[in-house]
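J.: Heads up: the protein sequence lines correspond to chains A and B, in order.
Each residue of the first sequence is one higher than the one before, counting from 75 in the numbering used here.
Each residue of the second sequence is one higher than the one before, counting from 53 in the numbering used here.
One or more hints might be untrue.
What the hints assert, rightly or not - Rough simulated footprint, nothing fancy, chain B against chain A, three-plus residues with beta-carbon under 8 angstroms:
no. : stretch
1   : 330-336
2   : 366-378
3   : 393-401
The set of hints was computed from the structure by calculation and includes no laboratory data.
C-beta atoms are modelled at their ideal positions from N, C-alpha and C, and glycine is treated no differently.
Below, each chain spelled out in residue letters.
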Amino acid sequence: MNDTSAPPAGLARTPLSEQHRALGAKLVEFGGWEMPLSYRGIVDEHRAVRAAAGLFDVSHMGEIELIGPQAAAACQRLTTNDVRRLGNGHVQYTLLCREDGGIVDDVTLYRVDDQRYFFCVNAANIAKGLAWIEEHAGAAAVVDRSAATASLALQGPAAADILARLTSLPLSDLRSFRFARGEVAGMPAFVSRTGYTGEDGFELYVDAARVVDLWGALLGAGAPVGLEPVGLGARDTLRLEAGFPLYGHELDDQTSPLAAGLQRWVRLDGEDFIGRAALRREREQGSPRRLVGLEMRGPGIARRGYRVSFEGAAVGIVTSGTMSPTLGRAVALAYVSAALANPGTMLAVDVRGRSIPAEIVATPFYRRPRPAEPAAPEAQPEGEAAPAPGGGEPRVGAAADAPAAAAGDTAAAPGAPREGES
Amino acid sequence: MQIPETLRYSEEHEWVLVDDGVATIGITDHAQEELGDIVFVELPAIGAELAKAATLGVVESVKAVSDVYAPIGGTVTAVNGALADKPETINEDPYGAGWLVKVAVADPGELDGLMTAAQYRDFLAGGKA
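Work the whole structure out from these sequences, hints included.
T.: Structure representation (structure tokens):
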């Protein structure tokens with residue numbers, strides 16, 4: 075077999091680096107950061123999140139704050155979604171686009187109040203996103219809180235019970251895509267009901283200097299109900315099952331949100347934003363390719379970069395693929411010619427020279443059961459829920475869980491810990 | 053980390069057990085540990101001729117695709133068909149039920165190029181980085 079190698083030296087580390095090592099994590103490079111790939115094993119960690127809860131260090135994500143009377147206008151100019159729909163304490167999944175419609179980053183946008191917003195940006199895009207935001211922020215002040223902020227994601231059906239042991243915040247009142255400021259384990263935190271796993275859960279932003287204590291407190295409080303630390307390996311399989319795109323895989327500077335199936339988060343008929351004209355043209359002309367979900371119908375796993383064909387002709391490429399631990403089937407996301415991008419269409423993936431049948435299916439591949447969930451009431455119309463590429467029915471509203479958390483949230487309110495991530 | 057004394061080892065972390073001219077081949081405990089949860093295995097056809105160091109098959113974990121190389125050349129006489137349904141057997145029992153293929157050895161001299169258990173232990177301790 076090929077040797078797997080240790081991450082190169084010189085990578086950025088989160089404040090929890092020593093904790094990851096002490097837990098015996100396998101470490102990998104991700105977006106310029108040394109991060110835990112797994113602790114106990116990707117499949118076990120994945121299942122823990124689906125069955126109970128997992129704790130993720132997502133401190134690599136960036137948090138960029140916009141402040142001042144012009145902050146709202148700047149956010150609107152910078153993002154594809156409708157910033158007017160955000161109230162205080164609301165979170166929105168949205169995109170930063172270039173003039174040509176290509177995606178600079180996918181992010182979550184937090185409104186602290188009418189003069190304070192923050193973006194949670196992807197780790198690999200912190201510098202690029204910061205430069206882009208500064209360039210287009212107009213009169214709003216831009217503050218990079220990334221280094222001062224650490225963030226943890228607590229995800230899974232037991233997440234709320236675990237967090238309730240450490241905070242007096244009324245979590246049952248905190249709906250999906252809402253956040254609140256409060257104390258968790260005795261430290262100030264932003265508590266956001268968002269995530270990137272397809273489960274109920276929270277993203278917590280705290281002072282980077284205190285996150286070690288929060289990490290320990292959460293693991294201690296959650297251990298009796300099955301909480302365990304979860305690395306990027308399971309983070310990737312969880313998000314893929316939930317149909318969420320990952321920047322650098324499904325999304326990049328050359329890809330439009332319409333091709334990626336993210337039109338729900340692109341308000342082409344609302345306020346103007348950077349990239350709107352190009353995206354309106356694309357809407358009229360149609361995207362040449364579309365992101366779809368694939369399930370393998372023969373032996374083999376589609377992996378990133380594998381070619382997709384239809385009746386022998388090349389029609390697309392796989393952007394992410396794995397064996398789904400929950401479903402026990404190989405699933406993938408792929409860009410294919412728009413004319414073929416319909417559920418039920420049988421394509422083929424070239425797996426090391428062999429053509430393996432693969433069917434286009436609606437995403438998400440996995441949808442969490444929601445039995446006893448108090449209906450989240452007013453779901454935001456058109457919510458900010460996570461994208462479900464490939465024609466999946468985006469869930470709306472209340473249950474809108476799944477923030478595409480891929481993008482982070484950022485935050486930082488003054489004085490309060492800020493961070494966001496995705 | 054298990055490294056049975058009775059086996060020979062390659063630098064690509066395959067193991068070999070030769071018995072009466074037939075080599076049983078698998079991946080080592082270290083290899084399965086590094087790969088993590090194995091979810092798919094691709095093996096050659098019976099009768100296939102493998103040259104030493106040729107790609108023998110593929111082992112896929114959740115995260116990665118890894119080639120397995122023939123530590124010794126020969127003709128494939130058996131493949132472990134049980135792995136198709138239970139590839140995790142390689143994680144659970146890499147030196148036993150997790151074997152990959154059996155090969156009729158073409159040149160027994162090739163065995164001399166493989167490491168002993170002691171040498172493989174040293175190799176793991178020193179070289180991997």
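J.: Would you pick out the hints that fail for this structure and give their numbers low to high?
T.: Failing hint: just 1.
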